[in-house]
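Two chains, two frames, some hints: make the complex.
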Amino acid sequence: DAGVTQSPTHLIKTRGQHVTLRCSPISGHKSVSWYQQVLGQGPQFIFQYYEKEERGRGNFPDRFSARQFPNYSSELNVNALLLGDSALYLCASSFVGTLQETQYFGPGTRLLVL
Amino acid sequence: DAKTTQPPSMDCAEGRAANLPCNHSTISGNEYVYWYRQIHSQGPQYIIHGLKNNETNEMASLIITEDRKSSTLILPHATLRDTAVYYCIVRVAHAPGGGNKLTFGTGTQLKVEL
Chain A
1 DAGVTQSPTH LIKTRGQHVT LRCSPISGHK SVSWYQQVLG QGPQFIFQYY
51 EKEERGRGNF PDRFSARQFP NYSSELNVNA LLLGDSALYL CASSFVGTLQ
101 ETQYFGPGTR LLVL
Chain X
1 DAKTTQPPSM DCAEGRAANL PCNHSTISGN EYVYWYRQIH SQGPQYIIHG
51 LKNNETNEMA SLIITEDRKS STLILPHATL RDTAVYYCIV RVAHAPGGGN
101 KLTFGTGTQL KVEL
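Note that the protein sequences, when read in sequence, are chains A and X.
For the first sequence, my numbering begins at 1 and goes up steadily by one.
For the second sequence, my numbering begins at 1 and goes up steadily by one.
Calculated directly from the structure, the hints in this document are not laboratory data.
Cβ coordinates follow ideal geometry from the N, Cα and C atoms, glycine included.
Incorrect hints may have been included.
As the list claims (entries may be wrong) - Here are the simulated distance ranges between beta carbons:
{"id": "1", "chain 1": "X", "residue 1": "74", "chain 2": "A", "residue 2": "54", "range": "22 to 30 Å"}
{"id": "2", "chain 1": "X", "residue 1": "29", "chain 2": "A", "residue 2": "73", "range": "29 to 37 Å"}
{"id": "3", "chain 1": "A", "residue 1": "80", "chain 2": "X", "residue 2": "74", "range": "44 to 52 Å"}
{"id": "4", "chain 1": "X", "residue 1": "14", "chain 2": "A", "residue 2": "73", "range": "38 to 46 Å"}
{"id": "5", "chain 1": "A", "residue 1": "112", "chain 2": "X", "residue 2": "80", "range": "41 to 49 Å"}
{"id": "6", "chain 1": "X", "residue 1": "80", "chain 2": "A", "residue 2": "84", "range": "32 to 40 Å"}
{"id": "7", "chain 1": "A", "residue 1": "61", "chain 2": "X", "residue 2": "30", "range": "27 to 35 Å"}
{"id": "8", "chain 1": "A", "residue 1": "112", "chain 2": "X", "residue 2": "8", "range": "36 to 44 Å"}
{"id": "9", "chain 1": "X", "residue 1": "76", "chain 2": "A", "residue 2": "3", "range": "21 to 29 Å"}
{"id": "10", "chain 1": "X", "residue 1": "45", "chain 2": "A", "residue 2": "97", "range": "18 to 26 Å"}
Unchecked claim - Covered stretches of chain A (in silico footprint by chain X; criterion: 3 or more residues with CB under 8 Å from a CB of chain X, positions within the stretch not fixed):
{"id": "11", "region": "14–24"}
{"id": "12", "region": "38–45"}
{"id": "13", "region": "48–61"}
{"id": "14", "region": "88–94"}
Extracted from the complex, chain X is given alone in its bound form (with noise of 0.2 Å):
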């Protein structure tokens, strides 16, 4: 599965949009990106996936960049609760039940602040 690059901490005010980025420069075509969080001392959160077209659901919104060397996970308006580790995964898209693992790095540490 491709690396990934993140940058180890960010800061956003309470209100405003987080937008985290992630690089995979050397992302293969039938990889997808996935982005999951970890607040202190729980299980990773699920929060979106994309191949290669832009996503939103109603906890965020995904951009992947036409060349599909980077992505960018946008929360539309940060609360306090948002405060986590944001992790950035591709992975291949195995045949069903085919070994589907989730390879993680040190992800993002989001602070979101009065």
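The shape of chain A in the complex, shown without the other chains (with noise of 0.2 Å):
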């Protein structure tokens, strides 16, 4: 079966772009989770979606947003780019039923700002 998956691997943006990263989830799991990990550091929670809507956000700006669509795929927009924002990006996703709720981790998106 097909873990999660992230598009694209790697990408490479200048100051004040904006980026718009996507993310495949597992078959059958509903919701979709973005951290952002910056070098040295443990994943940092972006936001969490279930059923199209936000059910969590982190400590981040609103130059972050996200969204899921019908098929629970979903997207992590970041506008006005800050040398701040590089950073490997990832995406998990959860079979919601239960209060376990194991998360599993795609491969990330690194990005770098320059």
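Here it is as structure tokens:
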């Protein structure tokens, strides 16, 4: 079975540009979460979406937004890119139905902002 | 979510058991203990989780103390491919789809050597 897939794998942008990252969850998973991991740190939670609704938001500025589509795939958008947005962006999907709701991660998109 | 404390690094000889400790002294009754690992530049990989009973799967065993204030992840026969950063995370069991974010710390860098 296919795991969580993310595209693109790598991306280079310049300051002020915007970027869209994409995520396809594991088949049957209806929840998608996004995390940012800067070098040397653990992943930091950005958003969770379930049934196309935002269910959680981390401490990130409004430049970060996301949405979930009817097929449960998701996009993360970042506007007005800053150098500090350079990071590995991770998507995780989970099957919603129990309190445990284990999250499974994709390989990530590595974003470099110049 | 409860804070966890892990040693920053550990070494283990290949073929020996790797025992990774985690302290979560402020854990509450409805918080699960999750373990993930991250091999360099890849997405985090789910290993195991538990609430209060010891758990075992094909990857590892999780031993949770009776008072639930600490736990140990055991890799029974470590190999070079187990070299990774291991994250211990405690997470409140929210309602399904209700913002089940993971709060990562800095983890333990496990180095498995010949």
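To see whether the hints hold, each was checked on the structure:
Restraint check, residue 74 of chain X to residue 54 of chain A: a C-beta distance of roughly 38 Å breaks the suggested window 22 to 30 Å. As the Cβ distance of residue 29 of chain X to residue 73 of chain A is approximately 36 Å, the hint placing it in 29 to 37 Å holds. Judged by the Cβ atoms, the range 44 to 52 Å given for residue 80 of chain A and residue 74 of chain X holds: they are separated by roughly 46 Å. About 40 Å separates the C-beta atoms of residue 14 of chain X and residue 73 of chain A, a value consistent with the hinted range of 38 to 46 Å.
For residue 112 of chain A and residue 80 of chain X, the hinted distance range of 41 to 49 Å is not satisfied, since their beta carbons lie about 29 Å from each other. At roughly 34 Å, the beta carbons of residue 80 of chain X and residue 84 of chain A sit within the given window of 32 to 40 Å. About 31 Å separates the C-beta atoms of residue 61 of chain A and residue 30 of chain X, a value consistent with the hinted range of 27 to 35 Å. Take residue 112 of chain A and residue 8 of chain X: their Cβ atoms lie about 27 Å apart, and the range 36 to 44 Å is violated.
Restraint check, residue 76 of chain X to residue 3 of chain A: a C-beta distance of roughly 25 Å satisfies the suggested window 21 to 29 Å. Evaluation of the 18 to 26 Å hint for residue 45 of chain X and residue 97 of chain A yields a pass: the beta carbon distance comes to about 22 Å. Here's how the region 14–24 of chain A fares: 0 of its residues keep a CB closer than 8 Å to some CB of chain X, so the rule of at least three is not met and the hint is violated. Restraint check on the region 38–45 of chain A versus chain X: 5 residues with Cβ-Cβ distances below 8 Å, three needed, restraint holds.
With a cut-off of 8 Å between beta carbons, the region 48–61 of chain A has 6 residues touching chain X; three or more are needed, and the interface restraint holds. Residues of the region 88–94 of chain A lying with their CB closer than 8 Å to a CB of chain X number 4, which satisfies the three-residue condition for coverage.
Hints 1, 5, 8, 11, counting from the list given before, are not met by this structure.
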